[in-house]
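Residue numbers (my numbering), protein chains in the order written: chain A, 11 to 122; chain B, 16 to 128.
These are calculated hints, taken from the structure and not from any lab test.
Because the structure is a prediction, the values reported are computed rather than measured.
Some clues are possibly wrong.
Derived pair list, reagent style BS3-like, types lysine-lysine, alpha-carbon separation capped at 27 angstroms [said to hold, decoys possible]: (1) LYS52(A) <-> LYS26(B); (2) LYS68(B) <-> LYS85(B); (3) LYS67(A) <-> LYS52(A); (4) LYS72(B) <-> LYS52(A); (5) LYS88(A) <-> LYS52(A); (6) LYS67(A) <-> LYS88(A).
Counterexamples of contact, computed for chain A against chain B with all Cβ distances above 12 angstroms [what the hints assert, rightly or not]: (7) LEU21; (8) VAL23; (9) LYS52; (10) PRO54; (11) TYR86; (12) LYS88; (13) GLU93; (14) SER119; (15) PRO122.
For the chain B half of the interface with chain A, some residues (derived, Cβ under 7 angstroms), not all of them [said to hold, decoys possible]: (16) TYR46; (17) GLY57; (18) LEU58; (19) TYR79; (20) GLU113; (21) GLY114; (22) PRO116; (23) PHE119; (24) ASN121.
Note that CB positions come from ideal geometry on N, CA and C, so glycine has one too.
For reference, the chains in residue letters:
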Amino acid sequence: ILNVEQSPQSLHVQEGDSTNFTCSFPSSNFYALHWYRWETAKSPEALFVMTLNGDEKKKGRISATLNTKEGYSYLYIKGSQPEDSATYLCAFSRNYGQNFVFGPGTRLSVLP
Amino acid sequence: DAGITQSPRHKVTETGTPVTLRCHQTENHRYMYWYRQDPGHGLRLIHYSYGVKDTDKGEVSDGYSVSRSKTEDFLLTLESATSSQTSVYFCAISEVGEGSPLHFGNGTRLTVT
Numbered sequence: 011i012l013n014v015e016q017s018p019q020s021l022h023v024q025e026g027d028s029t030n031f032t033c034s035f036p037s038s039n040f041y042a043l044h045w046y047r048w049e050t051a052k053s054p055e056a057l058f059v060m061t062l063n064g065d066e067k068k069k070g071r072i073s074a075t076l077n078t079k080e081g082y083s084y085l086y087i088k089g090s091q092p093e094d095s096a097t098y099l100c101a102f103s104r105n106y107g108q109n110f111v112f113g114p115g116t117r118l119s120v121l122p
Numbered sequence: 016d017a018g019i020t021q022s023p024r025h026k027v028t029e030t031g032t033p034v035t036l037r038c039h040q041t042e043n044h045r046y047m048y049w050y051r052q053d054p055g056h057g058l059r060l061i062h063y064s065y066g067v068k069d070t071d072k073g074e075v076s077d078g079y080s081v082s083r084s085k086t087e088d089f090l091l092t093l094e095s096a097t098s099s100q101t102s103v104y105f106c107a108i109s110e111v112g113e114g115s116p117l118h119f120g121n122g123t124r125l126t127v128t
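Using the sequences plus the hints, can you model the full thing?
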């Protein structure tokens, strides 16, 4: 069973703060790493798909980096807004497979 | 929600009864997945399918079976439901390739009493 870890488990920040989360995964036979945003009472929605070591992706105030050699990815949110409050999930797959294993998530609360 | 429909949306059943959940897609995506969501565990893969009649087990497959007789439908069956299978079940679909994200359905809340 693949072990995908995320830290911190939860985070409370003030509006305007910048924050970042970590996703750790096995570094061998990497295939792809996804980040998802999951709002309460909704379904997870894809933020980023990352496939190459050194990948950096950006969407508005949110960005992500990938280090496949050491097995981690960072998600950054610049100038957090209350609407950023959600659980952020990473999902990992290896060996050219598409059976994605999810981490437990980081729950972000942005206080106005 | 990317043309994914899960049915039923809610179900209450008794221990020992069989239950089938359905996932229907209109996107013609090759891959379909069943995940369950439980507090403290996030999303855990039950089974997935990479084509018609092609399925494989995930990390929590015990007590579950799946079938995919058509591209658009992926069925999850609990042969004899147990209280530990009370959960929210999510279906997801994706295209082939490492650059393809998963698209999720709205979930099915199953309660086994």
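Against the structure, the hints:
1. LYS52(A) <-> LYS26(B): Holds - the C-alpha atoms of LYS26(B) and LYS52(A) are around 18 angstroms apart, at most 27 angstroms.
2. LYS68(B) <-> LYS85(B): 8 angstroms, holds
3. LYS67(A) <-> LYS52(A): Holds, at about 24 angstroms.
4. LYS72(B) <-> LYS52(A): Since the Cα atoms of LYS72(B) and LYS52(A) sit roughly 26 angstroms apart, the hinted pair holds (cutoff 27 angstroms).
5. LYS88(A) <-> LYS52(A): Given that 27 angstroms is the threshold and the Cα spacing comes to 23 angstroms, the pair holds.
6. LYS67(A) <-> LYS88(A): 14 angstroms, holds
7. LEU21: Per Cβ check, LEU21(A) is outside 12 angstroms of chain B; nearest 16 angstroms; holds.
8. VAL23: 21 angstroms, holds
9. LYS52: 8 angstroms, violated
10. PRO54: Its Cβ does come within 12 angstroms of chain B, the nearest being 5 angstroms, so this is violated.
11. TYR86: 19 angstroms, holds
12. LYS88: Check passes; 22 angstroms lies beyond 12 angstroms.
13. GLU93: 20 angstroms, holds
14. SER119: 17 angstroms, holds
15. PRO122: 27 angstroms, holds
16. TYR46: 5 angstroms, holds
17. GLY57: This hint holds: GLY57(B) lies near chain A, its Cβ roughly 4 angstroms from the closest one there, short of 7 angstroms.
18. LEU58: 4 angstroms, holds
19. TYR79: 15 angstroms, violated
20. GLU113: 4 angstroms, holds
21. GLY114: Where the cut-off is 7 angstroms and the nearest Cβ of chain A is about 5 angstroms from GLY114(B), the hint holds.
22. PRO116: PRO116(B) check passes; min Cβ-Cβ to chain A is 3 angstroms, inside 7 angstroms.
23. PHE119: Holds, because the Cβ-Cβ distance from PHE119(B) to chain A comes to roughly 4 angstroms (cut-off 7 angstroms).
24. ASN121: 6 angstroms, holds
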